[in-house]
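One line per chain: the protein sequences are Z and W, in this order. Reading the first sequence from the start, the letters are residues 1 to 256 in my numbering. Reading the second sequence from the start, the letters are residues 1 to 357 in my numbering.
Incorrect hints may appear among the rest.
To be verified - Each computed SDA-like pair below joins lysine to any residue, with the alpha-carbon atoms no more than 20 Å apart:
1) K5(W) with V183(Z)
2) K5(W) with L104(Z)
3) K5(W) with H185(Z)
4) K5(W) with R89(Z)
5) K5(W) with G109(Z)
6) K2(Z) with G186(Z)
7) K2(Z) with R89(Z)
8) K2(Z) with A26(Z)
9) K5(W) with E121(Z)
10) K20(W) with L32(W)
11) K20(W) with L297(W)
12) K20(W) with R89(Z)
What the hints assert, rightly or not - Label pairs and their calculated CB-CB ranges:
13) P249(Z) with H19(W): 49 to 55 Å
14) D195(Z) with L232(W): 47 to 53 Å
15) L32(W) with S70(Z): 29 to 35 Å
In case anyone wonders, no lab produced these hints; they're calculated from the structure. Quick reminder that beta carbons are idealized off the backbone N, C-alpha and C, glycines included.
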Amino acid sequence: MKLAVETLNFSYGDLRVLLDVSFEAAPGTVTAILGPNGCGKSTLLRCVNGLLTPDSGRVLLDDIDISLLSSRDIARRIGYVAQRNEASRLTAFDAVLLGRTPHLGFHVGRHDLEITQAVIESMGLSELSMRYIDQMSGGELQRVCIARALAQEPYFLLLDEPTSSLDLRNQYDILHTIRHLAVEHGVTVLLTMHDLNSTLRVADRVIFLREGQVFADGNPDEVTPDIVAAVYGINVEIIYHDGRPVIIPLNGHPPH
Amino acid sequence: MSHLKRVAVPVEYHHYIRHKRTALVLLGLLTLVLFVTAVGIGPVGISPADLLSVLLGRPTDTRFATIVWNIRLPQAAAALVAGVGLAAAGTAMQSILRNPLGSPFTLGIANAGAFGAALTVTFFGTGVMRSTVADAISITNPVLTTLGAFTFCMLTALIIVWIAELRGATPETMVLCGVALSSLFSAGTMFLQYFADDAQLAAIVFWTFGDVARASVRHIVIMAVVTGGGLLYFWFHRWAFNAIDAGDETARGLGIRVQRVRMTGMMVAALMTAVIVSFLGVIGFVGLVAPHMVRRLLGDDHRFVLPGSCLAGGALLLASDTVARTLLAPHVLPVAVLTAFLGAPAFLYLLIRGYRR
Numbered sequence: 001m002k003l004a005v006e007t008l009n010f011s012y013g014d015l016r017v018l019l020d021v022s023f024e025a026a027p028g029t030v031t032a033i034l035g036p037n038g039c040g041k042s043t044l045l046r047c048v049n050g051l052l053t054p055d056s057g058r059v060l061l062d063d064i065d066i067s068l069l070s071s072r073d074i075a076r077r078i079g080y081v082a083q084r085n086e087a088s089r090l091t092a093f094d095a096v097l098l099g100r101t102p103h104l105g106f107h108v109g110r111h112d113l114e115i116t117q118a119v120i121e122s123m124g125l126s127e128l129s130m131r132y133i134d135q136m137s138g139g140e141l142q143r144v145c146i147a148r149a150l151a152q153e154p155y156f157l158l159l160d161e162p163t164s165s166l167d168l169r170n171q172y173d174i175l176h177t178i179r180h181l182a183v184e185h186g187v188t189v190l191l192t193m194h195d196l197n198s199t200l201r202v203a204d205r206v207i208f209l210r211e212g213q214v215f216a217d218g219n220p221d222e223v224t225p226d227i228v229a230a231v232y233g234i235n236v237e238i239i240y241h242d243g244r245p246v247i248i249p250l251n252g253h254p255p256h
Numbered sequence: 001m002s003h004l005k006r007v008a009v010p011v012e013y014h015h016y017i018r019h020k021r022t023a024l025v026l027l028g029l030l031t032l033v034l035f036v037t038a039v040g041i042g043p044v045g046i047s048p049a050d051l052l053s054v055l056l057g058r059p060t061d062t063r064f065a066t067i068v069w070n071i072r073l074p075q076a077a078a079a080l081v082a083g084v085g086l087a088a089a090g091t092a093m094q095s096i097l098r099n100p101l102g103s104p105f106t107l108g109i110a111n112a113g114a115f116g117a118a119l120t121v122t123f124f125g126t127g128v129m130r131s132t133v134a135d136a137i138s139i140t141n142p143v144l145t146t147l148g149a150f151t152f153c154m155l156t157a158l159i160i161v162w163i164a165e166l167r168g169a170t171p172e173t174m175v176l177c178g179v180a181l182s183s184l185f186s187a188g189t190m191f192l193q194y195f196a197d198d199a200q201l202a203a204i205v206f207w208t209f210g211d212v213a214r215a216s217v218r219h220i221v222i223m224a225v226v227t228g229g230g231l232l233y234f235w236f237h238r239w240a241f242n243a244i245d246a247g248d249e250t251a252r253g254l255g256i257r258v259q260r261v262r263m264t265g266m267m268v269a270a271l272m273t274a275v276i277v278s279f280l281g282v283i284g285f286v287g288l289v290a291p292h293m294v295r296r297l298l299g300d301d302h303r304f305v306l307p308g309s310c311l312a313g314g315a316l317l318l319a320s321d322t323v324a325r326t327l328l329a330p331h332v333l334p335v336a337v338l339t340a341f342l343g344a345p346a347f348l349y350l351l352i353r354g355y356r357r
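The shape of chain Z in the complex, shown without the other chains (with noise of 0.2 Å):
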């Protein structure tokens, strides 16, 4: 499903955070919103969800305006991993389960069951399905998350830096299965990162947000120098490793 999101934009009180930001989000890609700290890139996350409600534009999945949709029906279209996430003492099963919570009537019925099992099993959590999740790894906890988000049965999976605080292997698990679920399964992802390497390797595209605007958006190969010099402020040479660009830090600021 087409994810489309038309001149949205975004204030707190007198601070503006978005500005007329839009894009289309093709079904079964990763797209990656990228931007330095406070630019907007979880507020526009959380507008895509419906968390937060726009002072103007639309949100269209699959053409249909989300304004339109009910909290429990959006839940029924979008998995969302926050970036914050609490584990009380649940065990991993029913913390997946949590994920059937816009589906369930009154009680959990057997296909409840069976679903959560299935994603349990995609994501290789059997070993841990018995395991409360207050006992769990941070990359452990984080697929957890990204199980429960996919117990939604979802059309649209949003990620809020799912990277973030976790050690080399948990970060390439993590985007392995994203990337897994977009291709093998059809999920139409959007995800914000700070690591720009792990996005280039994930991404089918990327958006680059300055000031809450959109001031770049394509494919990882047409990343240039200039636009992460513009965005975040720092030198990079760009060079290309297995058919990859890879971004390198260089000494000195650019002139501003």
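Chain Z is already provided as a structure; the job is to place chain W on it using the hints.
Frame of chain Z; chain W shown alone:
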């Protein structure tokens, strides 16, 4: 992502669920045993067989029927209903505020209810002294007194939600908020006591010692109806509470209207507390201790914590009341004196174990 193939649920999960349910059944049996014990123990001992004969309408001794129907059964029923209600309110508040220190007593809601009730006693004359020692204080207008207690419970609940929104519901904020509100309403109650006449003063003081013996059958029915309604509400929202435990953003991403659940949940918990407090007085710490006992046993899943806390709360108050009646016999202590002693170990336990819920 509707192509997921359904896979059979592992047997370990079914075992896990069965263990939780068995624990709930055992807790239920414990509560039943404590209920029968509470009815049986007293100056006149009544065996379970005699109790059964009374309940079946064929008492072996007519005195037993009088004692059971007029004294012991109402008192045990009041303890059970109040224990269930306070524990359920505490469980819900801990989830709503995402804070282990949430309970009607620690947040100052019970004290606010006491102040509200004292206010109606003072200004509307809803409390009177009676000449009998056993029932020295009676609330003559339970509707007005409940309304007084309820209004202040709700007001306090609103203040707490507002502060939680403003400053974040950290344990420190909540404790300080509870201390501040408890002090405020205690001061208010003291102020009223100072200007109260003898009858009003006695009414307020007796009333403040929470005691399950003072509830009439009508009071118990009202408490049971409100508690039952509240439990239904909480049970209906058990998945919403689980989602809120995972964080506000996650819960909203799951389609939960967090603000609405938080506000209505807090109001329902405050209503349950208000009704119990206005009929029985302030009974502290049951709403804090029972959920923590059960969380340790059953985890944080509200499918099990809610019924488990209710049963544990009922069992705890039944046991406390039985001990309070027999500890210094023939003197009978109000149950609140005993539950207050549970407070110190409960806080120490939380301190040692950490704040994690």
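Structure-based check of each hint:
no. : hint                             : in the structure
1   : K5(W) with V183(Z)               : holds, 17 Å
2   : K5(W) with L104(Z)               : holds, 18 Å
3   : K5(W) with H185(Z)               : holds, 12 Å
4   : K5(W) with R89(Z)                : violated, 28 Å
5   : K5(W) with G109(Z)               : holds, 16 Å
6   : K2(Z) with G186(Z)               : holds, 11 Å
7   : K2(Z) with R89(Z)                : violated, 37 Å
8   : K2(Z) with A26(Z)                : holds, 5 Å
9   : K5(W) with E121(Z)               : holds, 11 Å
10  : K20(W) with L32(W)               : holds, 18 Å
11  : K20(W) with L297(W)              : holds, 9 Å
12  : K20(W) with R89(Z)               : holds, 14 Å
13  : P249(Z) with H19(W): 49 to 55 Å  : holds, 54 Å
14  : D195(Z) with L232(W): 47 to 53 Å : holds, 48 Å
15  : L32(W) with S70(Z): 29 to 35 Å   : violated, 43 Å
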